[in-house]
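Student: Protein sequences, first through last, are from chains A, B, C and D.
Here our numbering runs 214 ahead of the position in the first sequence, where the first position is 1.
Here our numbering runs 214 ahead of the position in the second sequence, where the first position is 1.
Here our numbering runs 214 ahead of the position in the third sequence, where the first position is 1.
Here our numbering runs 214 ahead of the position in the fourth sequence, where the first position is 1.
Rather than coming from a laboratory, the hints here were simulated on the basis of the structure.
Keep in mind that the hints are not guaranteed to be accurate.
[Unchecked claim] Sample of chain A residues at the chain D side, in silico, Cβ under 10 angstroms:
1. S271
2. R344
3. D345
4. P371
5. A372
6. P375
7. G463
8. L465
9. Q466
10. V467
11. N469
12. V475
13. T479
All residues carry an ideal CB built from backbone N, CA and C; glycine is no exception.
4 protein chains.
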Amino acid sequence: MTQTPVRIGLIGTGRIGQVHAASIAASPETRLSWVADPFIEGARSVTERFGGTATESPEELIASGEIDAVLIASPTPTHVDLIEASVRAGLPTLCEKPIDLDIARVDALRPLVQSSGVPVTLGFNRRFDRDFAATRARIAAGEIGDLEQLIIISRDPAPPPAEYIAVSGGIFRDMTIHDFDMVRFFLEDIVSVNAIGTRAFDAGAQRHGDFDTAVTTLRAASGAVATVINSRHSAIGYDQRLEAFGAGGMLQVANAPTSLVSCSTAAAVDAKPAFGEFFVERYMQAYAEELAEFVKVVRGDTSVSPTFEDGRAALILADAAQCSATEGIEVSVEE
Amino acid sequence: MTQTPVRIGLIGTGRIGQVHAASIAASPETRLSWVADPFIEGARSVTERFGGTATESPEELIASGEIDAVLIASPTPTHVDLIEASVRAGLPTLCEKPIDLDIARVDALRPLVQSSGVPVTLGFNRRFDRDFAATRARIAAGEIGDLEQLIIISRDPAPPPAEYIAVSGGIFRDMTIHDFDMVRFFLEDIVSVNAIGTRAFDAGAQRHGDFDTAVTTLRAASGAVATVINSRHSAIGYDQRLEAFGAGGMLQVANAPTSLVSCSTAAAVDAKPAFGEFFVERYMQAYAEELAEFVKVVRGDTSVSPTFEDGRAALILADAAQCSATEGIEVSVEE
Amino acid sequence: MTQTPVRIGLIGTGRIGQVHAASIAASPETRLSWVADPFIEGARSVTERFGGTATESPEELIASGEIDAVLIASPTPTHVDLIEASVRAGLPTLCEKPIDLDIARVDALRPLVQSSGVPVTLGFNRRFDRDFAATRARIAAGEIGDLEQLIIISRDPAPPPAEYIAVSGGIFRDMTIHDFDMVRFFLEDIVSVNAIGTRAFDAGAQRHGDFDTAVTTLRAASGAVATVINSRHSAIGYDQRLEAFGAGGMLQVANAPTSLVSCSTAAAVDAKPAFGEFFVERYMQAYAEELAEFVKVVRGDTSVSPTFEDGRAALILADAAQCSATEGIEVSVEE
Amino acid sequence: MTQTPVRIGLIGTGRIGQVHAASIAASPETRLSWVADPFIEGARSVTERFGGTATESPEELIASGEIDAVLIASPTPTHVDLIEASVRAGLPTLCEKPIDLDIARVDALRPLVQSSGVPVTLGFNRRFDRDFAATRARIAAGEIGDLEQLIIISRDPAPPPAEYIAVSGGIFRDMTIHDFDMVRFFLEDIVSVNAIGTRAFDAGAQRHGDFDTAVTTLRAASGAVATVINSRHSAIGYDQRLEAFGAGGMLQVANAPTSLVSCSTAAAVDAKPAFGEFFVERYMQAYAEELAEFVKVVRGDTSVSPTFEDGRAALILADAAQCSATEGIEVSVEE
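With the sequences and hints as input, model every part of the structure.
Tutor: Right under this line is the structure:
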C-alpha cells in the first residue's frame, strides 16, 4: 500500500480500454501514465478523465521511459506486434484476449516471450471472478470429489454488429475463447474438442458464415467432460452460469441478481427482474482483481496467471472447435 | 399391516368430512363402517362412494356395535355432546377442531375425558405435515440451538362467506387456532398473548365485527417469542410458511410449489406458477398421517397427540388473542 | 367415470411391472385381470396384492379372452414377440421402452404394427410428467418464442449392476433413450447426433465397454440444438432437469424437492435435503397419467402418444449416438 | 458533474464517520474539507487518508468558512447541539440517527429547524437502498394493490458490548429505530404501537434492563399492519428482509447473497455461504446514494428526505414501543 504506484501505459481506448483506464485510475496501486490510440481523440478523452499523456503512437508510449508496464487493449490484429515491442522493451505486459486469430503468428512470437523472462499475462478476466475462483478452490479442496462434468452456459445479451462478426474470427475464437479458458481453469490437459454450431437467428452470422449458437464438448485427459453452451443472444440478459459435477456432489455458479426484490401475484410467484447488464458490469470485480494481480506480477511475483501459454492454448481449442463444427468430427488437441 | 382394519364411524359429511372419508377408504388400515349426518343425502353420498351404513343419527352410529372408533367432523356446536357420547361408549375419538367456541363447555366436558381413559385426539392436522414435523424434530435434535423466535405466516386464499364468519367465533378461534396449535407444537408453556386485528378488505368481517387481518405475538416461558401473521385472503394462493430462528441458525418451511417450472423472460426471471390450492390439497399427506396415528391410538398406542388438552389450550390462546385485540392489552395465560 | 374398467393383462413383474400393477389397481378406470411371468412367484405375488389371475405364459394371458389391453413390462428381448402376439390378437398394447436393442428387429415388426390398426404405445413416461408437459405446452403457446436450445440433465443416483450393464445395450440405448424421446417431444425432425462418452468411475461400464458419462448434442431441422448430459451416478440423488431456451426467454424444470425445509447456519444458508428418490418416486404422477392416457386409447381415442414410431425413432437416435461416440464423428439421421 | 464539489465538514470519526469520509472522498461531487473530533488522532487519521483539515473543535469546523455542509456522525448526545450550531450557521446538515434519545430535547430544537429554512436531513440510509426504494416505488405504482401487511425482519450479527447497551437508549431507540423509519417509508400515519421484548441470550441486555429480542406491531391509519421482528444476534449473519403484502400480491426483499456459488452434496443441496457482513457492507450503495441525495439538497433541491420530522417521528415510535413493551399495552401515537 505504501509502495510507489505502478505506472501503466494503456494502448487502445475502445470499450475494454476504457474499462481498464477506469480500473487503473481507481486503484491506489496504479497510475495511468501514458495512453496511446491512433484515434487520438479517444486517447485524449481518456487522459482528460483519468490523467496521463496521450499519444497516437504506441511506440512512443513504450519508449517514453515513464511507464512500468503495458496494457494492450487495441484491436486483435495489433496484439502480436505490440506484445513483441513491449517485451523487447522489458515491460511486463497484460494483453487482452485473443493473442491473435492466427496460431502461426502466435507461435512465431512464442520463442521471444519464452526466452525474454518478461512476464506476459492474458486478459482472461473471468479467472478473477470471485465466484468462479472460489468454485475452483473448493473443488481443489475436495469438496465434491473428482470433477467429472463441467457445464458452462455463456450467452451474450445481443449479437454484435455484422461488421464486427466479419473480422471477429468466428464465435469460437471471439466469444467461446473465454469459456475455453474457463474450461482450462477447471480441467487440465484437454485432449479433444467436439463442436457443433448453427445459425438460428442472426443475419450477421448468416452473412459472414459464422454461427450464432454453439455447443462444444471437450474431453480432459482425466476422463472428465466439459460442455460449453453458447448463444449470441439472450432475452433475459447476460447469462453466465457454471456447474461443476463431481463424484461427491456439485457446485453451481448462478447468474448475478440485479435486484433482491421478488414479486408474487396470482399470475406468477417469485419473479425477479431480468439480468440487464453485460460483461463490464458483470465482471467489474474481476477486472479490478485482474489488475491487482498484474500489479503483483510487475512487482516481481512470478505466479503469472493466465500466461501467454494459456492464451495460446485457448486459441488452439478455438481452432479445433471451428474445425470440428465445420467438418463434423471430433478433433484431437495437444497443448 | 395384517391386522383387521379399524372400523370408523364418521359423523359429518361436509368438506372436511369428505376428506376424512376418502382417507379412511384409501387406507388398508381403516374401513368406513358407519356415516352419520342429519342431512341424510350427504351421508348416503359418502357411503355410496366409500362404503358403510348411512344414518341421520350419530347416536345410532355410536350404538351400532360395528365401529371401533369415532371421527367427528360435524359443525362445531355439536362437538362437545358427540365427544361425550363417544367417550361414554368407550370409543376412541378423533374430533375436528375446535372442541367448542366456549371454554366453559370445554371445561365442563374435561373431567369426563380425563377420567374415562378413552383416548380423545384433536384434528390439528398440521402437526402431521412432514415438513413441520421434520422441523420440530431437527430443533429437538439441536440443529439450530435454543429456539428464540418462531414466525408463522398463514393466509387463506379467500375469505369465507359472511354467514360463515357470523358463526365462526372470529378469526382467532376459527383460523388462527391452527397456528396457535402450531406455536404450541414448537414452544411449550405460552405465558402471554398480544394480538391486534384489523378489517382491511372483507365486508363479512366488517359486518360481523370480526377481523380479516391479524398479528399475534406470544411469549413462552423460555423467553422465546412467536409471531403469527394472518390474512383471510392471499392473491398468490394458500400461504403457509414457518420460520424457526434459534441461537445457532434457522429452519424455514416454504410454500409447497405447484410446479417445478420457472419462466424467465425480459420482463422477469425465475417466475413460477402461483399456489392455487387450499388446505385439502396442501395437507393431503398430513390428513393421511393423522389418520394413521389415530389408528395406532385405537390399537393401544398411548402417545396420543394432539390431545383434548391441546385442543383446550389452543382455545385458551384464541380467547386470549380475542381479548387482547379488543382491549389493546397483553393477556396472561396459564395452561 | 361410470364406464366399465379396462381389463389389463400385465406381462412382467419386475420393478417396473410392479409399478404398473399398483397404478392399475389404484385407478377406478382399470382392473388388473391377468398377470404373466415365467417366474411364477413374481406373478402370484402381484395377483395376491392387486388381484387378477397369475400365469407363467404370456400366450395364455393374451388368449384368455378376459383382457381388453396388454401392458408389456418384461425384459427387452421379449418385447418384439409379445407386441406381435398382442397386436395379432387385436389388443391395444402399452410396451415399456425400448422396443428392442436391434433396429432390424424393430423394422421387421413395423409393417405389422402399421397395417394392423391396433394401437401400440411406448412407455416413455416422462412425456406425461406434468412439468415437462406444461413446458412443452407453454413453448407451443409461444411463451419463449422459437426454441433454439434444449438442455437435459439426466443423472441416475447410482450405476446398475455390472451384469445389467452387460445386457443393457449400452448407456445410450438403455438410459439416454428416455432423454432422446424427451428431445423429440420438444424438437421434431432431428437430423444429426454427436455424442461423446467416457468411463469416469464405474467398473461395470469399464468391464463391458460401456460409458458411465455421456454428452450428446442433436441438431433439429429447425436449426435448434439439444444437449443431453448423462451420468450413471449422482451423489445428490436422481437429477432430472431441463432448460428450454428460446428467442424470447427460457423455461426451466427443476428437480423435485423432497422437503420444503431449508436450513441456515453459520456454515451454510438455505440448505435443503438431497434428492433421495429414483424414477419410481420421481415419476409416480407420470406413470398414473400414462396409464390414464392408455385407457383413453383403449376406449378409442386415436391420438396415441408416444407411438411405436416414436419408440423406433428414439432407438435410431441411440444407435446414432453409439456410433458417434465410438467413431468420433457427427452422424446424420433420418427418421 | 461539472459543478464545483460540495465541501463537507465531517463531525465524528468513529465507524460510521469513517464510512461517510470514504463516501465523500470517493464521490466527484463532494470534497472532505474539515474533520472534527475531540479525539484528535481520529480526525487526523481520516484527513491523512481522505484529505481536509483536522480539528478537535466542531465549532471551529462550522466557523471555518470553508465548508458548504455539515455531516454529523458524532455520539448521539451531541447531535442536538451540533444541529443547532450548524443550522444557525446556515449550513445544510445531514445528521446520523437518532436526533436524540430524549424527545423533549428534540422538541426543543424543532422550532429552530422549522423556522430556519436550512435543510436538515436524517441518516436513515436504508431509504436509499435500491431494493427497498424499488419496492416502495412498485407499491406506489400499484403492482400489488393496497398494502395490507408489512413484515420487516431485522437481526444484527451479534450484540454490541454491554457498555454500549448501557447508553444506547434501549433496543427500540437504538436498533429498531431504523426499522420504524422503514415502516414509515412504506406506511404513512402510524396510529398505534404494540411491542414485546424479551431477554433470550445477551448478558449485556440482562444487566442493563434492555431487550435482545423484540417484536413490534404497528397500525397505520389505512388499517394496514406492520410487524418488525428484531434480534441482537444472528448466526447466519446480518439478516435484513422485508415482505410487503398487498391485496394483489406481495413483494419481498431477500438478504444480499455474498456469493453466487451453491453446493449440493448427499448431505444437503443448494447450500450457500452465510451472510458474513454487517451494515457497512450491506448498505454501501445506500450510503453513497444518501450522500448523493444530500448533495442535491445542498445545491437547492427542496425534496429533502428523510427530514428532521422523520427523525422525530421515528423516535416517537421508539418511545411508544418502549412504553408498550414495558407496560403490556398498545400505545396510541400521533405524529
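Student: Restraint: A372 (chain A) near chain D, CB-CB cut 10 angstroms. Satisfied or not?
Tutor: 23 angstroms, violated
Student: So, as I understand it, the hint says V467 (chain A) touches chain D; can you test that by seeing if any CB pair is closer than 10 angstroms?
Tutor: 5 angstroms, holds
Student: Min Cβ distance, R344 (chain A) to chain D: is it shorter than 10 angstroms?
Tutor: 8 angstroms, holds
Student: Interface hint check: T479 (chain A), Cβ to nearest Cβ on chain D, cutoff 10 angstroms. Holds or violated?
Tutor: 3 angstroms, holds
Student: Would the stated hint for S271 (chain A) survive a check requiring a Cβ distance to chain D of less than 10 angstroms?
Tutor: Violated. Min distance 31 angstroms.
Student: Regarding the hint that L465 (chain A) lies at the interface with chain D, is the smallest CB-CB distance below 10 angstroms?
Tutor: 5 angstroms, holds
Student: Does N469 (chain A) pass the interface hint, meaning its C-beta sits closer than 10 angstroms to a C-beta of chain D?
Tutor: 7 angstroms, holds
Student: For the hint on G463 (chain A), does the least C-beta distance to chain D fall short of 10 angstroms?
Tutor: The hint holds - G463 (chain A) has a Cβ within 10 angstroms of chain D, the shortest such distance being about 3 angstroms.
Student: Just to be careful: measuring from the Cβ of Q466 (chain A) to every Cβ in chain D, is the smallest value less than 10 angstroms?
Tutor: Hint holds; Q466 (chain A) Cβ to chain D Cβ min 5 angstroms, cut 10 angstroms.
Student: Identify whether the interface hint at P371 (chain A) stands, where standing means a beta carbon of chain D within less than 10 angstroms of its own.
Tutor: Hint on P371 (chain A): violated, closest Cβ of chain D at ~18 angstroms, above 10 angstroms.
Student: Tell me if the interface restraint on V475 (chain A) is satisfied: Cβ within less than 10 angstroms of some Cβ in chain D.
Tutor: 5 angstroms, holds
Student: Hint P375 (chain A) vs chain D: min CB-CB distance below 10 angstroms?
Tutor: Cβ of P375 (chain A) sits 30 angstroms from chain D, so the hint is violated.
The structure fails to meet hints 1, 4, 5, 6 from the earlier list, while all remaining hints are met.
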